[in-house]
Amino acid sequence: MKTYKFIFFDADDTLFDFKKSESHAFKKLLSEFDLEFNFENYIESYRNISDKLWLDLEKNIITLNELKLLRFELFANKISLDVDSETLSKMYLNFLGECTFLIPGAIDILQYLKKKYTIVIITNGISAVQKKRLENSKIKGYIDGMVVSEELKISKPNPEIFKYALKKFNCHDKSSALMIGNSLTSDVLGGINSGIDTCWLNSNNSINYTNHIPTYEINTLIELKKLL
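Residues in the sequence shown are numbered from -4 upward in steps of one, following my numbering.
Everything labelled a hint here was simulated from the structure, so no lab data went into it.
Be a bit skeptical, because a hint or two may be false.
Stated by the list, open to error - Here are the simulated lysine-lysine pairs, BS3-like style, with alpha carbons at most 25 Å apart:
1. K0 with K162
2. K54 with K158
3. K127 with K163
4. K111 with K133
5. K14 with K135
6. K111 with K221
7. K22 with K127
8. K(-3) with K162
9. K126 with K158
10. K169 with K109
11. K135 with K109
12. K133 with K22
13. K126 with K162
14. K63 with K22
15. K15 with K169
16. K73 with K23
17. K73 with K85
18. K162 with K221
19. K163 with K15
20. K0 with K73
21. K111 with K220
22. K0 with K109
23. K126 with K163
24. K169 with K148
25. K158 with K135
26. K73 with K(-3)
27. K220 with K109
28. K127 with K109
29. K85 with K0
30. K(-3) with K127
31. K126 with K(-3)
32. K15 with K135
33. K14 with K73
34. K126 with K85
35. K23 with K109
36. K(-3) with K111
Could you put the whole structure together from the sequences, leaning on the hints where they help?
Written as structure tokens, this is what we have:
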């Protein structure tokens, strides 16, 4: 086992339970327009739209600002909701920023890692949301810093965001860094592109149909205790 000094974590669905947060925020948004009665159908439609746009962001097809508005424009059109996308986006992001739900084992593993490693979050998320969530979460004290793609206008898997993190946190030897995340197409591929070891958090026991092979694979965060 290599000796690491820096642990880079993805945020959503790695430390923070994004699906639970998304569901909570979206239900609050629908309730503002008395639409929560059809929550299950509406959130499925919204997620189909949003998930595709996040993949487009990774491929540099759209920008984050475009994503924030376009997903609600497409959703509103689909359900014939006469509310502008900017209003919907602002309301949703405000609700989302209030959600600090964590992935099981997040606090435990961060307590364990904090004794030996510099811990940094690298996220493609929206800056205002990520900062608000981290500030109000129980894991704030374990995190040494956060790099947010929106502020750099560079998204994972672009290696430049990893190079920025290495430089910012004085990691002079990238072999001493490990990237941990749930996404093969952003976290693992980004690490590979940057020459950084990677650990895929495969919580759903998914089959890896990509050519992106992580250095390690785990199903739960607690399994990191066996690796680090």
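Verification of the hints:
| no. | hint | result |
| --- | --- | --- |
| 1 | K0 with K162 | holds, 14 Å |
| 2 | K54 with K158 | holds, 18 Å |
| 3 | K127 with K163 | holds, 21 Å |
| 4 | K111 with K133 | holds, 19 Å |
| 5 | K14 with K135 | holds, 20 Å |
| 6 | K111 with K221 | holds, 14 Å |
| 7 | K22 with K127 | holds, 19 Å |
| 8 | K(-3) with K162 | holds, 21 Å |
| 9 | K126 with K158 | holds, 21 Å |
| 10 | K169 with K109 | holds, 19 Å |
| 11 | K135 with K109 | holds, 12 Å |
| 12 | K133 with K22 | holds, 24 Å |
| 13 | K126 with K162 | holds, 21 Å |
| 14 | K63 with K22 | holds, 18 Å |
| 15 | K15 with K169 | violated, 33 Å |
| 16 | K73 with K23 | holds, 19 Å |
| 17 | K73 with K85 | holds, 19 Å |
| 18 | K162 with K221 | violated, 28 Å |
| 19 | K163 with K15 | violated, 31 Å |
| 20 | K0 with K73 | violated, 48 Å |
| 21 | K111 with K220 | holds, 12 Å |
| 22 | K0 with K109 | holds, 11 Å |
| 23 | K126 with K163 | holds, 18 Å |
| 24 | K169 with K148 | holds, 22 Å |
| 25 | K158 with K135 | holds, 23 Å |
| 26 | K73 with K(-3) | violated, 50 Å |
| 27 | K220 with K109 | holds, 12 Å |
| 28 | K127 with K109 | holds, 22 Å |
| 29 | K85 with K0 | violated, 38 Å |
| 30 | K(-3) with K127 | violated, 34 Å |
| 31 | K126 with K(-3) | violated, 31 Å |
| 32 | K15 with K135 | holds, 19 Å |
| 33 | K14 with K73 | holds, 22 Å |
| 34 | K126 with K85 | holds, 16 Å |
| 35 | K23 with K109 | violated, 35 Å |
| 36 | K(-3) with K111 | holds, 14 Å |
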